[in-house]
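Enquirer: Sequence:
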Amino acid sequence: MADTSSDSDKIIKREPDAAPAPDPITSRSTSSILLICALLLMGSLAWALYDEVYGQRPWKNTQRIFVQRYNRYLKILKRRGNQTEKDVKESAAYQELDQAAKAAAEQVEPRKREIDKRAKVIDSQIAAITDPFQNARGNITLINYRIESAPSQSKKDDLRKDIDEVKREQIEVEMPADDGSNKTQEMKLTFPQIEERYNKSKEEKARLLVERAELLRESGELAKKRDDYLKENLIGLSAQQVDSLLKKNENFDYTMRQINVSSVDVVDRCETCHLGIREPLELTPAVMKGRRRTPDSFARAFISHPNKELLQIHDVERFGCASCHGGNGRATTTIEKAHGTNRHWLFPLHRKENLEAGCQQCHSRDRVLDGAPTLTLGKDLFQQRGCVGCHRYEGFDRESDALAGTRQLVKQLEEEKLANDREARQAAAGVA
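Numbering (this note's numbering), first residue to last: 163 to 594.
Be aware that one or more of the hints could be misleading.
[Said to hold, decoys possible] The calculated lysine to aspartate or glutamate pairs, modelled on DMTMM-like cross-linking and capped at a C-alpha distance of 20 Å, are:
1. Lys362 x Asp285
2. Lys350 x Asp326
3. Lys240 x Glu444
4. Lys573 x Glu585
5. Lys274 x Glu376
6. Lys514 x Glu471
7. Lys364 x Glu336
[Unchecked claim] Pairwise CB distance ranges, derived in the manner of DEER restraints:
8. Ser194 x Asp415: 47 to 55 Å
9. Arg455 x Val215: 30 to 38 Å
10. Arg587 x Gly533: 53 to 61 Å
11. Ser253 x Lys282: 36 to 44 Å
12. Ala581 x Arg554: 27 to 35 Å
13. Asp405 x Cys524: 36 to 44 Å
14. Arg529 x Lys264: 49 to 57 Å
15. Ala448 x Cys524: 30 to 38 Å
The hints are simulated quantities; they were obtained by calculation from the structure and are not laboratory data. The C-beta atom is built at its ideal place from N, Cα and C for all residues, glycine as well.
Given these sequences and hints, build the entire structure.
Expert: Okay, here's the thing in structure tokens:
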């Protein structure tokens, strides 16, 4: 029995449990990891916002700089222009033209007032009879249409009698008085009488307008001479024109300037930074420079187009900029990408010495270009130095061009002859 009890004690007795291993999730603080992740998230958000507002849109700062410098230049012009405009208007030649224009206008002013007064009366009379005249004429037109579609002669005769009744009908009209007062006179007129008054009033008004234009012709010509003299002798813009440009800059729209030519799949954003290209003033690096004495890169970017006549021939809204000058017209993030000087871009911006190369894209057949002397000289050298003897090129080898055109014409004539013969055989077979 003792052995049995001892065995039971051995079975029941067990070793005390060991302490559990600490859980790394519950026993360690993760605040440092969460802090690092939160800082990284906030940093990424700040970087994303900065890149969205400034990194991808550096042209906004460029536009702000343009507005600041342009406004400063306009204010300088306004101070100078006011004095210049005042000097021109005080000159003897301008005063003489101004006095002549005013004298001519004063001479015809009495008759002009009479014509205006009479024309006003005629307008009121025409307005009074227009509605009755048009209503009666509409009824007559409607009856005439019914006459054309009437099934019998008797029906047509009845409708013609209706027209006579409409013409004999007395129509009440509130006719304004001829003296120009606000009084009106009630009149009863038939359609022929209203039509006669309407046509006579129209003729009289036309005659008065012709007379008025003839009266004002001399004074208008003198006023035009005076204004032309001011424009020709005024240096720069007038004060009013400068004020309009300043007002435009006050409401400047800081946005991307984009030209979309859907016909040739061209999207051009060059004027987003080159804002002075189409400005009415001639902007040079010297006038658009900043606080420094020498022009910086912004001053050179803000200049106006050196040849405004070319812009009249080649409309920017139709051609864009990059189509002639090269570069990447869509890029706006960096100067390198916009000018196409980055790697793998096939059409970089033409350098100053090679600026006229873009003209060759469309004017390869033109031997002489007025706005491209360097390109014209190159074509002359290509012809004079004998290069055309081995290097055939479009526009230089007139004989081969004429021969190609003749061959094409012969081919077309042969095809037409075959088609005519085929039609003749088909017609003969059909007759047989």
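Enquirer: Work down the list of hints and note, for each, if the structure agrees.
Expert: Now for the hints, and whether the structure bears them out:
At roughly 12 Å between alpha-carbon atoms, Lys362 and Asp285 fall within 20 Å of each other, so this suggested pair holds. Among the hinted pairs, Lys350 with Asp326 is consistent with the structure: their alpha-carbon atoms are about 17 Å apart, no more than 20 Å. A hinted pair counts as satisfied when its Cα atoms are at most 20 Å apart, and Lys240 with Glu444 qualifies at roughly 15 Å. A distance of roughly 19 Å separates the Cα atoms of Lys573 and Glu585; the hinted pair therefore holds under the 20 Å criterion.
As the CA atoms of Lys274 and Glu376 are separated by approximately 10 Å, the hinted pair is consistent with the 20 Å bound. Proximity of Lys514 to Glu471 is assessed by CA-CA distance (about 19 Å); at most 20 Å being required, the pair is judged to hold. A distance of roughly 18 Å separates the Cα atoms of Lys364 and Glu336; the hinted pair therefore holds under the 20 Å criterion. Checked against the given bound of 47 to 55 Å, the beta carbons of Ser194 and Asp415, roughly 49 Å apart, stay inside it.
Range check, Arg455 to Val215: about 33 Å between beta-carbon atoms, so the 30 to 38 Å window is met. Arg587 and Gly533 have their C-beta atoms about 58 Å apart, which keeps the hinted 53 to 61 Å range intact. Range check, Ser253 to Lys282: Cβ separation about 40 Å, and the 36 to 44 Å hint holds. The hinted range of 27 to 35 Å is satisfied by Ala581 and Arg554, whose Cβ atoms lie roughly 34 Å apart.
The given range of 36 to 44 Å is respected by Asp405 and Cys524, whose C-beta atoms sit roughly 40 Å from each other. Taken as a hint, the range 49 to 57 Å holds for the pair Arg529 and Lys264, whose Cβ atoms sit roughly 55 Å apart. Here the CB-CB span from Ala448 to Cys524 is close to 33 Å, well matched to the stated 30 to 38 Å.
In terms of the numbered hints stated before, the structure departs from none.
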